[in-house]
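Put chain B on the given structure of chain A with help from the hints.
First to last, the sequence lines map onto chains A and B.
If you use my numbering, the first sequence closes out at 288, no skipped numbers anywhere.
If you use my numbering, the second sequence closes out at 415, no skipped numbers anywhere.
Think of the hints as simulated: they come from the structure by calculation, not from any bench.
Incorrect hints may appear among the rest.
[As the list claims (entries may be wrong)] In silico DSSO-like cross-links for lysine-lysine, where the CA-CA straight-line distance does not exceed 27 Å:
#1 B:LYS342 <-> A:LYS256
#2 B:LYS350 <-> A:LYS256
#3 B:LYS350 <-> B:LYS360
#4 A:LYS131 <-> A:LYS110
#5 A:LYS27 <-> B:LYS319
#6 A:LYS27 <-> B:LYS342
#7 A:LYS125 <-> A:LYS105
#8 A:LYS97 <-> A:LYS127
#9 A:LYS26 <-> B:LYS319
#10 A:LYS93 <-> A:LYS124
#11 B:LYS360 <-> A:LYS26
#12 B:LYS319 <-> B:LYS342
#13 A:LYS27 <-> A:LYS46
#14 B:LYS350 <-> A:LYS26
#15 B:LYS350 <-> A:LYS27
#16 A:LYS26 <-> A:LYS46
#17 A:LYS124 <-> A:LYS110
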Amino acid sequence: MNAIEVRNLSKSYSQFSVDNISLDIKKGYITGLIGPNGAGKSTLIKMMLGIVRPSAGSIRMLGAEMPSEEIAIKQSVGIVSDDCFYYEHLSLKDMKKVIAPFYTKWNEAKFNRYMEQFELSPMKKIKELSKGMKIKFALAIALSHEAELLIMDEPTSGLDPVFRRELLDLLAEIMQDERNTILFSTHITTDLDRIADYIAFVNRGKLVFNDVKDDVLDRYAIVKGGQDLLDADIRAKFIGLRETSVGFEGLVDDRKQAQELFGSYAILETPSLEDIMYYTAKGGPIYA
Amino acid sequence: MNIIISHASEDPIYIQIVNQIRHSILNGEMKAGDSLPSIRQLAKDLQVSVITTKRVYEELEKEKLIDSVVGKGSFVSGANMEFIREQRMKLLEDKMLEVIRESRDLNMSEEDVINHLKLLFEEEQTS
Numbered sequence: 001m002n003a004i005e006v007r008n009l010s011k012s013y014s015q016f017s018v019d020n021i022s023l024d025i026k027k028g029y030i031t032g033l034i035g036p037n038g039a040g041k042s043t044l045i046k047m048m049l050g051i052v053r054p055s056a057g058s059i060r061m062l063g064a065e066m067p068s069e070e071i072a073i074k075q076s077v078g079i080v081s082d083d084c085f086y087y088e089h090l091s092l093k094d095m096k097k098v099i100a101p102f103y104t105k106w107n108e109a110k111f112n113r114y115m116e117q118f119e120l121s122p123m124k125k126i127k128e129l130s131k132g133m134k135i136k137f138a139l140a141i142a143l144s145h146e147a148e149l150l151i152m153d154e155p156t157s158g159l160d161p162v163f164r165r166e167l168l169d170l171l172a173e174i175m176q177d178e179r180n181t182i183l184f185s186t187h188i189t190t191d192l193d194r195i196a197d198y199i200a201f202v203n204r205g206k207l208v209f210n211d212v213k214d215d216v217l218d219r220y221a222i223v224k225g226g227q228d229l230l231d232a233d234i235r236a237k238f239i240g241l242r243e244t245s246v247g248f249e250g251l252v253d254d255r256k257q258a259q260e261l262f263g264s265y266a267i268l269e270t271p272s273l274e275d276i277m278y279y280t281a282k283g284g285p286i287y288a
Numbered sequence: 289m290n291i292i293i294s295h296a297s298e299d300p301i302y303i304q305i306v307n308q309i310r311h312s313i314l315n316g317e318m319k320a321g322d323s324l325p326s327i328r329q330l331a332k333d334l335q336v337s338v339i340t341t342k343r344v345y346e347e348l349e350k351e352k353l354i355d356s357v358v359g360k361g362s363f364v365s366g367a368n369m370e371f372i373r374e375q376r377m378k379l380l381e382d383k384m385l386e387v388i389r390e391s392r393d394l395n396m397s398e399e400d401v402i403n404h405l406k407l408l409f410e411e412e413q414t415s
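With the rest of the complex left out, here is chain A:
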């Protein structure tokens, strides 16, 4: 079962484009959408939400077609974004009064509980909020209308480590109900990735992979060794390679092959998602 189905989605701007992306977001799991700045993550999410119109392709969300059934779909979607969609001059209480009537399943008690948990004062004005507090307010709204799909665009960029960890528990709590789905995007691989089941990696407007996180970390490997091990054929096996006068470090996407190739002559390590992102984004040889 898929919560979101994206098919052949494209959008071009003068500077960059989203190029023919097809992607399934699995229901009941957490998917992390990662990629460097300007890779197309936000554009992709904005197209899913009907904020940006795609030039080609289709989107199905929770079994219904976007954008024709957008109003019904949005009842069950919670959105947390880095961009602030709220009226700056309103208080949180007044802003809530504007938003709540749109949702048929608005849960006032839940909202008040989250406001308290996140230490948000209802009398405060939106413009007085810090970036982290805005994210918390968006989260309180998103979690208060019985959404089964939570979409978060760069939720951690304004958050301190303390609340980031709290968020981890909060999201895991939501996932206790296997009907729920979470999609979040981030350009910094943080503790959030720890609980992600799937990782979708977007680079230069293209989808590099969308796979089980544990499998990705099993498949890729960081290889470290001396310069004498490298020749043209070997170099070609690397997705990204950083060579210096004292050795090399590179990323391969076939750990088994690398093991056979290098044996005990090189060190093989499990990469972090950041390693994978860095070497893929840079691509080819890097001379330092």
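For chain B alone, coordinates are given in the frame of chain A:
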């Protein structure tokens, strides 16, 4: 049952969890019929992905150490008592071997060790 995982370890997270649950079952800390936390609860508690804990339970099911019942959760299996006993015997043998090596260092004869063991048996029974 305690499960402690290390993100700095060489072993993949799921292997670390499998090893620790298996250990708890084999050393008798968890007994046949004891229930395990749900897949999603364990993922939350350890702050790992649901797919990781799902794999853990699948592996333990394959080893016939636990049973999963839809809607009820997972339990330590009673079906594989022989295997569990075998594994526990192996652990015991390892400890005995350690005793033998240690006694050699102390220049104790085989007889000394056996006599000492008998003495300890008696003490254990009277206490």
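Query raised in the report: Any hints this thing doesn't respect? Which numbers, in order?
Result: As far as the earlier hints go, 5 and 9 are violated by this structure, in ascending order.
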